[in-house]
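Top to bottom, those sequences are chains D and B. Sequential numbering from 76 applies to the first sequence in the numbering used here. Sequential numbering from 76 applies to the second sequence in the numbering used here.
Take these hints with a grain of salt, some might be off.
[Claimed, not checked] Some chain D residues close to chain B (C-beta under 8 Å, calculated; not the full set):
#, residue
1, 87
2, 191
3, 198
4, 219
5, 259
6, 313
7, 316
[Claimed, not checked] Covered by chain D, per the in silico footprint, the following chain B stretches (three or more residues, Cβ under 8 Å):
#, region
8, 164–171
9, 198–205
Bear in mind the hints are in silico, worked out from the structure with no lab data behind them. Given the structure is predicted, the values throughout are model-derived calculations rather than measurements. Ideal Cβ placement from N, Cα and C applies to all residues, glycine included.
There are 2 protein chains.
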Amino acid sequence: MSAGRIDIVGLGPGPHDLMTFAADAVVRAARDVVGYAPYIDRLPALPGQMRHASDNRVELERARRALDLALGGARVAVVSGGDPGVFAMAAAVFEAVEQGDPRWRTLDIEVHPGVSAMLAVAARLGAPLGHDFAVLSLSDNLKPWDMIARRVTAAAEADFVMAFYNPASKTRPHLIHDVFKLLRGVKAPETITVFAHAVSRPGERIDVTTLADADPSVANMSTLVLVGSSETRRVARGNGGCWIYSPRSYGALR
Amino acid sequence: MSAGRIDIVGLGPGPHDLMTFAADAVVRAARDVVGYAPYIDRLPALPGQMRHASDNRVELERARRALDLALGGARVAVVSGGDPGVFAMAAAVFEAVEQGDPRWRTLDIEVHPGVSAMLAVAARLGAPLGHDFAVLSLSDNLKPWDMIARRVTAAAEADFVMAFYNPASKTRPHLIHDVFKLLRGVKAPETITVFAHAVSRPGERIDVTTLADADPSVANMSTLVLVGSSETRRVARGNGGCWIYSPRSYGALR
Numbered sequence: 076m077s078a079g080r081i082d083i084v085g086l087g088p089g090p091h092d093l094m095t096f097a098a099d100a101v102v103r104a105a106r107d108v109v110g111y112a113p114y115i116d117r118l119p120a121l122p123g124q125m126r127h128a129s130d131n132r133v134e135l136e137r138a139r140r141a142l143d144l145a146l147g148g149a150r151v152a153v154v155s156g157g158d159p160g161v162f163a164m165a166a167a168v169f170e171a172v173e174q175g176d177p178r179w180r181t182l183d184i185e186v187h188p189g190v191s192a193m194l195a196v197a198a199r200l201g202a203p204l205g206h207d208f209a210v211l212s213l214s215d216n217l218k219p220w221d222m223i224a225r226r227v228t229a230a231a232e233a234d235f236v237m238a239f240y241n242p243a244s245k246t247r248p249h250l251i252h253d254v255f256k257l258l259r260g261v262k263a264p265e266t267i268t269v270f271a272h273a274v275s276r277p278g279e280r281i282d283v284t285t286l287a288d289a290d291p292s293v294a295n296m297s298t299l300v301l302v303g304s305s306e307t308r309r310v311a312r313g314n315g316g317c318w319i320y321s322p323r324s325y326g327a328l329r
Numbered sequence: 076m077s078a079g080r081i082d083i084v085g086l087g088p089g090p091h092d093l094m095t096f097a098a099d100a101v102v103r104a105a106r107d108v109v110g111y112a113p114y115i116d117r118l119p120a121l122p123g124q125m126r127h128a129s130d131n132r133v134e135l136e137r138a139r140r141a142l143d144l145a146l147g148g149a150r151v152a153v154v155s156g157g158d159p160g161v162f163a164m165a166a167a168v169f170e171a172v173e174q175g176d177p178r179w180r181t182l183d184i185e186v187h188p189g190v191s192a193m194l195a196v197a198a199r200l201g202a203p204l205g206h207d208f209a210v211l212s213l214s215d216n217l218k219p220w221d222m223i224a225r226r227v228t229a230a231a232e233a234d235f236v237m238a239f240y241n242p243a244s245k246t247r248p249h250l251i252h253d254v255f256k257l258l259r260g261v262k263a264p265e266t267i268t269v270f271a272h273a274v275s276r277p278g279e280r281i282d283v284t285t286l287a288d289a290d291p292s293v294a295n296m297s298t299l300v301l302v303g304s305s306e307t308r309r310v311a312r313g314n315g316g317c318w319i320y321s322p323r324s325y326g327a328l329r
């Protein structure tokens with residue numbers, strides 16, 4: 076049996092040119108590619124390469140399949156959109172390793188970073204993450220509401236810029252509304268709020284609004300939500316639009 | 076006068092293969108490249124391309140120079156290590172635009188994301204950013220200590236994983252020690268703590284320790300500090316080392 080390996084790879088936000096050279100090379104070198112179907116579909120079919128596309132919400136099962144393939148000697152790429160370490164497959168693989176077949180611990184497992192959605196969204200807007208920020212996922216059914224509420228409140232009170240991944244939950248559609256209720260209790264009504272949909276992919280749409288005017292029901296599975304700090308501001312562009320950024324120094328521009 | 080433009084580009088953590096294809100193409104297409112000298116030094120010299128290397132801590136001056144070059148008709152690349160939107164040049168450029176020559180607002184300014192240091196460090200370790208996290212810069216002399224203390228305390232109490240950029244300050248060498256004093260007052264002594272130096276560059280060194288044993292004086296200008304949540308854990312590898320990850324679900328593995 077030859078020594079298999081797993082490369083956990085970030086494909087970036089969508090287009091090929093937002094992948095790193097390393098991610099591209101590693102995916103091409105794999106015998107097996109494992110991932111959520113829409114991410115697999117982004118990749119060109121290569122002769123001799125096997126593609127194992129799976130449904131959403133089966134991360135652990137997908138991780139175990141990849142580990143078994145590697146244990147059998149295969150070179151396996153596990154692909155995620157964005158960065159694999161931010162609310163994505165890397166944690167699922169290590170969770171599977173911790174709980175599963177002890178032989179999995181002998182495998183070579185390498186994580187290849189990518190451009191996470193928040194970075195792609197921030198780049199499109201200007202520089203809203205130019206100062207301290209907090210990043211939360213709202214996707215997980217296993218995260219108790221008390222913990223979400225505690226973190227949202229703490230980050231809002233400490234005036235972090237906030238990025239929310241996976242704001243739309245099928246099983247908890249009210250969750251994003253509850254989060255916005257908390258935010259409105261702490262942050263100013265004029266706080267810049269952005270719903271960024273499918274950024275850098277077909278169908279990209281960016282809604283820039285304020286906390287007071289925000290309608291959280293526009294969030295879907297491909298939305299990232301950004302909520303500014305008290306310092307996050309608009310700069311008018313010559314073309315009638317605006318850039319959004321958070322100054323590097325706190326209080327300097329007040 | 077032809078219409079100049081500015082591309083604000085993230086070069087990633089160091090090696091060329093951790094750049095995106097887009098970043099590489101945009102830098103090659105520029106007539107002028109503006110940036111902090113060590114980032115400029117990473118790039119191959121191209122015939123006909125002018126390089127404007129500057130010292131650290133002159134971000135605003137550097138941004139104004141780039142804007143003036145673009146206003147004169149040049150295609151200008153402003154380069155940052157990592158991602159330009161995370162404690163880097165993008166915010167400086169928009170700050171300069173907001174305060175400066177109104178004609179700068181008519182320029183085409185585009186931000187090209189890159190792999191930020193925290194993502195490169197996380198990939199090396201496993202998946203420590205697999206759950207909610209907070210990101211703070213300690214570099215800025217203009218950020219009052221009260222605000223730093225408030226944010227550090229809030230993020231620690233709400234059990235975020237925490238990433239600290241620019242932990243070593245020449246003018247405030249005691250700052251990182253004060254931050255650790257706060258962390259130790261809130262988080263458990265066994266909390267996983269990592270000092271990651273020059274990750275993916277020559278001289279890379281990663282010190283994994285606990286909050287109780289951490290010596291913050293090892294942090295230098297190329298260090299990123301990660302402090303885990305109560306759930307961040309080690310998984311023993313077959314080779315005697317370990318991976319570090321934060322489970323996707325809060326409380327599930329307790």
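Starting from the hint list further up, note which numbers the structure goes against and sort them upward.
Going through the list in order, the structure violates hints 5 and 7 and respects the others.
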